[in-house]
Each structure stands twice: as C-alpha cells, then as structure tokens.
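Heads up, the working numbering is the position in the sequence shown plus 25, with the first residue counted as 1.
FYI, nobody ran anything at the bench for these hints, they're computed from the structure. Warning: the hint list may mix true and false statements.
To be verified - Derived Cβ-Cβ restraints for the label pairs, each shown as a range:
#1 Gly204 with Leu125: 29 to 35 Å
#2 Glu103 with Val146: 48 to 54 Å
#3 Ala141 with Asp115: 34 to 40 Å
#4 Pro117 with Glu228: 17 to 23 Å
#5 Val172 with Arg114: 25 to 31 Å
#6 Val172 with Gly270: 33 to 39 Å
#7 Arg100 with Leu293: 37 to 43 Å
#8 Thr116 with Leu293: 23 to 29 Å
#9 Pro72 with Ala141: 44 to 50 Å
#10 Leu292 with Arg105: 30 to 36 Å
#11 Arg114 with Leu185: 33 to 39 Å
#12 Gly66 with His104: 35 to 41 Å
Predicted model, so just to flag it, every value in this text is computed and none were measured. Every residue gets a Cβ at the ideal spot worked out from N, C-alpha and C, and that includes glycine.
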Amino acid sequence: MDSKSILFNPATQVLRKGWRIPWLILWVAPVFIALRLLAIGVWTRLPAPMVKPAKSTAALASILVVLWIYRLFARKVEHRIPSEIKVDRDTPWHVGLGFLMGGGVMLIIVGTLAMAGCYRVEAFNSPWTLLRAVVFYLPQTFIEDFVFGLVLYRLLREGLGMRTALILAPFLFAAAHTGNDHESLLGLAEIFTAGTVLYYAFERTGRFWTIWALHFSWNFIMNGILGMANSGQDLSGFIKPAITGPAWLTGGATGPEASVLAVGMDLLVLFLLWKMPDRCLRSRAI
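With these hints in hand, go ahead and build the complete structure from the sequences.
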C-alpha cells in the first residue's frame, strides 16, 4: 500500500476520515495563532480607550475567519456541505433551543436558590458589565465549542463511534477545567454532565449554533447577569448578590455549576433531549 492510499480512499480520492480532523487542525491553528499575534501587536500600540474595542473586533474577526476556514475545509477536503454551521431559516430556532437549554436552565437553578433564601440581590454594577461579559464569553465559548465540539467530538465519533465519543469528549472537557480556581469534584462532575448535554445536543440538532448558544447563555446569565462565580472564576456581573447556604446546594466558591441542582438539571435536559422527536430539534416546523 502506497502512502497516498493510506491518506486517500482509492475509489473516491477523498481524504480518509481518520486523517480529516488532524488535517483541519493544521489548517486552523496557524491562521488562528497568526491572527492572535497580529491583534496583540496592534492593540499594544493603541491608546488605552481603544484597546477594548480593538480586542472585541479582533475576537469577532477571528471567529469569522475560523468559520470560513472550516467551511472551506469541508468543501475542498471533505467534499461535503458543512450543514452543522449552515445559516438558514432554522438557525434562529437552533439558537433559541441553545438559549433555552443553557440560559433558561441557569435561571431555573438560581431562581430555586433565591426561593430557598440562598440568593439575594444586594446591589447592581454598571450596565457596561453586561457588554464586557458578552465580549468575554462569546469568543471564550466559541473556542471551547469549536475545539471540543467541531474538532474533538467529531474526531472521536468518526474513530470510535457516537456512544464512546459521548463519554470521552465530556471527560476531556471536564479535565480541561481542572486548573480553574476553587474547582471541586462536584463541579467537575457537573462539567462532565454539561459536556454530555452539549455533544448530545450537537448530535440531535446537527447544528453548532445550538451548542454555542447553550454554552454562551449559560455562562453569560450565570456570571454576566446574575453575578455568580463561573467554574471558580469570580468575575463581576451586573448583579452583586449575597449568597448563603451549603456548598452542595449553592456551589460555594466554584459557582452554581458545583451544585446538585446543576447536575440534576443537566440530567433532566439529557432526558428531554433523548425523548424529543427529531422534528422538534432539527427544524422550527413543529
């Protein structure tokens, strides 16, 4: 067997599945690193008031370029239309599903804490904290979901099958959070279950927009609006809350992700995803 037949299917001359994701990384990584270095070189020379807008613009540009490369790779190398990042009339439906499963669930969790007397609003920060949270969490969640969803989960699924990928990808997603401040075992367990929700939602809806909206809205509402710690990162949110109660219920310094409420809600969302028919998850036409 020659080297070309190892890489390409002789019948179709298409790159074999096992080589596609590593080849995609070689396409994306250098461009992303170059954009990052270019952006840093630009904003270090800007006056202080211009730095934040420059960072926001660079983050948005990086997202658009990476998605363009992914689309180009799918068409030129995989010889397919990348439906997972397609924008069409159903895209708002998929984004809405993500917000419902992410931000909606987080509102239920914190609402439950409030009714139990564990969460109380003390004061409010500047509304600009909301914009700062959007600028911070949009690229952060995009990078994580691109790497662990479009790259790692697809690689594991193609090589080992869906069931194995739905175990290994969430495990690696949780392992990537072990270095966070104040992270706990319950918090890591919740990140594992949340990762399972993400990649099973990707499997059921077939759209990247669903998992990105889910992940972003979870982080943004939890921290950007409600002021709760995010995986141990205590960033300022719009609301300044007073949080009391046992750590197993509130999550303590880790945040509500490290609570039994979050784990329970993850399992409930997984069950609903399992039971919902395809027409509810794939299209707005119910």
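Hint says 25 to 31 Å; check whether the CB-CB distance for Val172 and Arg114 agrees. holds (29 Å)
Mind checking the hinted window 23 to 29 Å against the Cβ distance between Thr116 and Leu293? holds (26 Å)
Look at the Cβ atoms of Glu103 and Val146 and judge whether their distance stays inside 48 to 54 Å. holds (49 Å)
Status of the given 33 to 39 Å range, CB of Gly270 versus CB of Val172: At 35 Å between Cβs, range holds.
CB-CB spacing for Glu228 and Pro117 relative to the 17 to 23 Å hint: At roughly 21 Å between Cβ atoms, Glu228 and Pro117 fall inside 17 to 23 Å, so the hint holds.
Using the beta carbons of Pro72 and Ala141, state whether their distance is inside 44 to 50 Å or not. Given range 44 to 50 Å: holds, Cβ gap about 48 Å.
For Gly204 and Leu125, compare the CB-CB distance with the range 29 to 35 Å and indicate the outcome. Holds - the Cβ-Cβ distance for Gly204 and Leu125, about 30 Å, lies within 29 to 35 Å.
Using the beta carbons of Ala141 and Asp115, state whether their distance is inside 34 to 40 Å or not. holds (38 Å)
Can you let me know if the beta-carbon spacing of Arg100 and Leu293 is within 37 to 43 Å? Given a distance of about 38 Å, which is inside 37 to 43 Å, the answer is holds.
With respect to the beta-carbon atoms only, verify the hint that Leu292 and Arg105 lie 30 to 36 Å apart. This hint holds: roughly 34 Å between Cβ atoms.
Is 35 to 41 Å right for how far apart the beta carbons of Gly66 and His104 are? At 37 Å between Cβs, range holds.
Cβ separation of Arg114 and Leu185, checked against the hinted range 33 to 39 Å: holds (34 Å)
When the structure is compared with the earlier hints, no violation turns up for any of them.
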